[in-house]
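S.K.: For reference, the chains in residue letters:
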Amino acid sequence: MANQDKKNRQVTGTSLLEVRNLKTHFFTKAGVVKAVDGVTFDIKPGETLGIVGESGSGKSMTAMSIMRLIPSPPGKIVGGEIEFEGKNLLSMSEKELKKIRGNEISMIFQDPMTSLNPVFTIKKQMVETILTHQDMTKKEAIDRAVELLDLVGIPDARARLNNYPHEFSGGMRQRVMIAMALSCDPKLLIADEPTTALDVTIQAQILDLLNRLQEEMGMSIMMITHDLGVVAEVCDRVMVMYAGQPVEFTEAATLFDHPKHPYTWGLLNSIPKITKKKEGQKRLEAIPGLPPDLRNLEAGCHFAPRCKHAMDSCYSKNPSYEPCEPDHFVRCLLYEEKEEVLSND
Amino acid sequence: MLNYIIRRLVFLIPVLLGVTLIAFSLMHLIPGDPARSMLGEKATEEQLEALREELGLNDPLAVQYGRYLGQVVTGDLGKSVKSDISVAEELANRLPATFELTLFAMGVAIFVGVLAGVIAAVKQYSWFDNISMTGALFGVSMPIFWLGLMMIWLFSVKLGWLPPSGRLSHEIELTTITNLYLLDSILTWNWEAFWDSFKHLLMPGLALGTIPMAIIARMTRSSMLEVMRQDYIRTANAKGLSRFPVIFQHALKNAFLPVLTVIGLQFGYLLGGAVLTETIFSWPGVGRYVYLSILGRDYPVVQSTILVIAAIFVIVNLITDILYKYFDPRISYD
Ligand SMILES: Nc1ncnc2c1ncn2[C@@H]1O[C@H](COP(=O)(O)OP(=O)(O)OP(=O)(O)O)[C@@H](O)[C@H]1O
Ligand SMILES: [Mg+2]
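As they're listed, the protein sequences go chains A and B.
So in my numbering, spot 100 of the first sequence is number 100, and the numbers just go up one at a time.
Numbers in my numbering are just positions in the second sequence, counted from 1, shifted up by 1000.
One should not assume that every hint holds.
In silico SDA-like pairs for lysine to any residue, Cα to Cα no more than 20 Å straight-line [said to hold, decoys possible]:
(1) A:LYS95 to B:ILE1233
(2) B:LYS1325 to A:PHE168
(3) B:LYS1253 to A:HIS166
(4) A:LYS98 to B:GLN1249
(5) A:LYS76 to B:TYR1125
Footprint (simulated), chain A over chain B, 3 or more residues, beta carbon under 8 Å [to be verified]:
(6) 1224-1232
(7) 1235-1243
(8) 1317-1329
Please keep in mind that the hints were generated in silico from the structure rather than gathered at the bench.
Built from N, CA and C at the ideal position, the CB exists for glycine as well.
For reference, chain A alone in the conformation it holds in the complex (with noise of 0.2 Å):
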């Protein structure tokens, strides 16, 4: 399905970046949101990791964690670690961060008609990031912005660069955000849903774009989406988050081969792309109810009150979220009971 092969980069054991046990909760009037609980997960060097769940999962704060983003009050890291090149993000100081904000690691959004500063040319956006981190003139700076838009395939880009956001289509901004991202060679670039707002064909486009700069570049990407077509397309794996966690963490090419969690069952469900592949034209089918209120989470499994398969103990046991096969992680009770019975005999 995922098509690894078509990929010649190299993925390295080292985990370039790791995070364990991640908790960012939101401190409201209305209660505590917790809105990331216990996040755990870690990208190698050159690889592509997808995050996928539905809105509210939490999804966009494990990011904006990451960048040490979150808007504080009402947000806080409250636990867990974050290790970038073996350097704990969490106990760095504002000055660290920003030498690794845009330059080590660098993130694009879901929205470019919104996410470019609409009353600055695209070269002063551009040229500022590449003067924070780099040393360089202005003028050697305006070369590289030339460059890299050339790179992610803006036409005639020294013209452009006097252009202003919304002289851009919604695509071309999306190129001009990624050519911003890449401009000073980041290790890592967090890609926050980056095709959601665009149209289908452009959102190939920018697909193509980003496998093609990865190859080029060599940098890990973390895309973030609800799609999981985009996960077959560009990820080598993948963690299924539900309500703030993780539920399933493995290959791409496993999850939809071998999908453990029935949370990932339904999610491959309700995609007719994926699921016509054996049966033939079956119906699409939703996930039946909502997800749970993150200010009060009841024990047990949050997926419990959506799942066909749920026992008695998933509404009292809080599910453990362990390797059931080596290099895949979930967090479901049917295999820990399984792993019971098979201690037992």
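Given chain A, put chain B with the ligands in place with the hints provided.
M.R.: Showing chain B with the ligands alone in chain A's frame:
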């Protein structure tokens, strides 16, 4: 852009024509005989007739208006019935005084107001936010005459720090070039005059600037709060920019648009409407001139001054609109 300015300037013509009509009717809408209301009860019939003849009040209205228009177009703003001094000459002295006062007041108002608004927004709900915004609330509702009198009482009468009236002490010599005294004293390298005129300017300037300052501060705060939530601010932070450029470039340039509208309106309003302040501090500007002319029923002066003030107001608005383009490139003038 140039096209736009020319178009706007052409468009000024009907507006100003309308203003001349209003200014003209002013004199004729007043019940009774204008000549008598100008000269008072004790005037003899001969005096009245002489004035009527002089002002052409015996001609049909249309003829009178046509004549008035002809004069205005050639730059003849008439002369005072009381002092016989031409209005144009008087305004040449008084406009710079008002201009200096307004520039100073608006300069302080914009600087303090914008800065306070930005800090209040960035530190929302902090003690600074609470205090400055409560202060601004008082500022907006402060009666200028009361504020002015309190200032005079404290700084002139009690403490004796600042002069209560005028633009310059009598004993100070100043060669005037632009008639903006602060500027002239800098141009002629006359620090004594600079300090003296600054002390004269301080109280009326602050009194006049209080309300615009308060309005600008509140406007800047709410506009900044709105802008700081925008996606492009998140982008600017994610790029690794420091707080200062994020707030004062990325956010403020966007947040400034609604503030600019307020500044333009207030500026025009102050230029013509400093009547109260100029009166309290005996500031020899246009506002005080209008005030004295109304008291003295010197209608030709009132008529022409209103016309000039209206013209300035309209021009300030035009400048504001042009500045808009600088702050928001999305605005198209074609
Ligand atoms: N400033 C905030 N105050 C309170 N709660 C917040 C705040 N920001 C985010 N949240 C909560 O955090 C949770 C996770 O939000 P997040 O933006 O990470 O979701 P997401 O997975 O990115 O969803 P989407 O697909 O819609 O982008 C949401 O339930 C949201 O209500
Ligand atoms: Mg999101």
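S.K.: Does LYS76 (chain A) pair with TYR1125 (chain B) here, judged by a C-alpha cut-off of 20 Å?
M.R.: Holds: LYS76 (chain A) and TYR1125 (chain B) sit about 18 Å apart, inside 20 Å.
S.K.: Verify this for me: three or more residues of the region 1235-1243 of chain B with a beta carbon less than 8 Å from a beta carbon of chain A.
M.R.: With 8 residues closer than 8 Å to chain A, the region 1235-1243 of chain B meets the three-residue bar; holds.
S.K.: Run the distance test for LYS95 (chain A) versus ILE1233 (chain B): straight-line Cα separation, threshold 20 Å.
M.R.: holds, 18 Å
S.K.: Holds or violated: the region 1224-1232 of chain B covered by chain A, criterion of 3 or more residues with Cβ-Cβ distance under 8 Å?
M.R.: holds (count 3)
S.K.: What's the verdict on LYS1253 (chain B) and HIS166 (chain A), does the C-alpha distance respect the 20 Å limit or exceed it?
M.R.: Given pair LYS1253 (chain B), HIS166 (chain A) holds - Cα atoms ~16 Å apart, limit 20 Å.
S.K.: Does the structure keep LYS98 (chain A) and GLN1249 (chain B) at a Cα separation of 20 Å or less?
M.R.: holds, 17 Å
S.K.: For a C-alpha distance cap of 20 Å, please report whether LYS1325 (chain B) and PHE168 (chain A) respect it.
M.R.: holds, 19 Å
S.K.: Tell me whether the statement that chain A covers the region 1317-1329 of chain B is true, taking a Cβ distance below 8 Å and needing three residues at minimum.
M.R.: As far as the region 1317-1329 of chain B goes, the hint holds, because 3 residues have Cβ atoms under 8 Å from chain A.
Hint compliance for this structure: no hint is broken.
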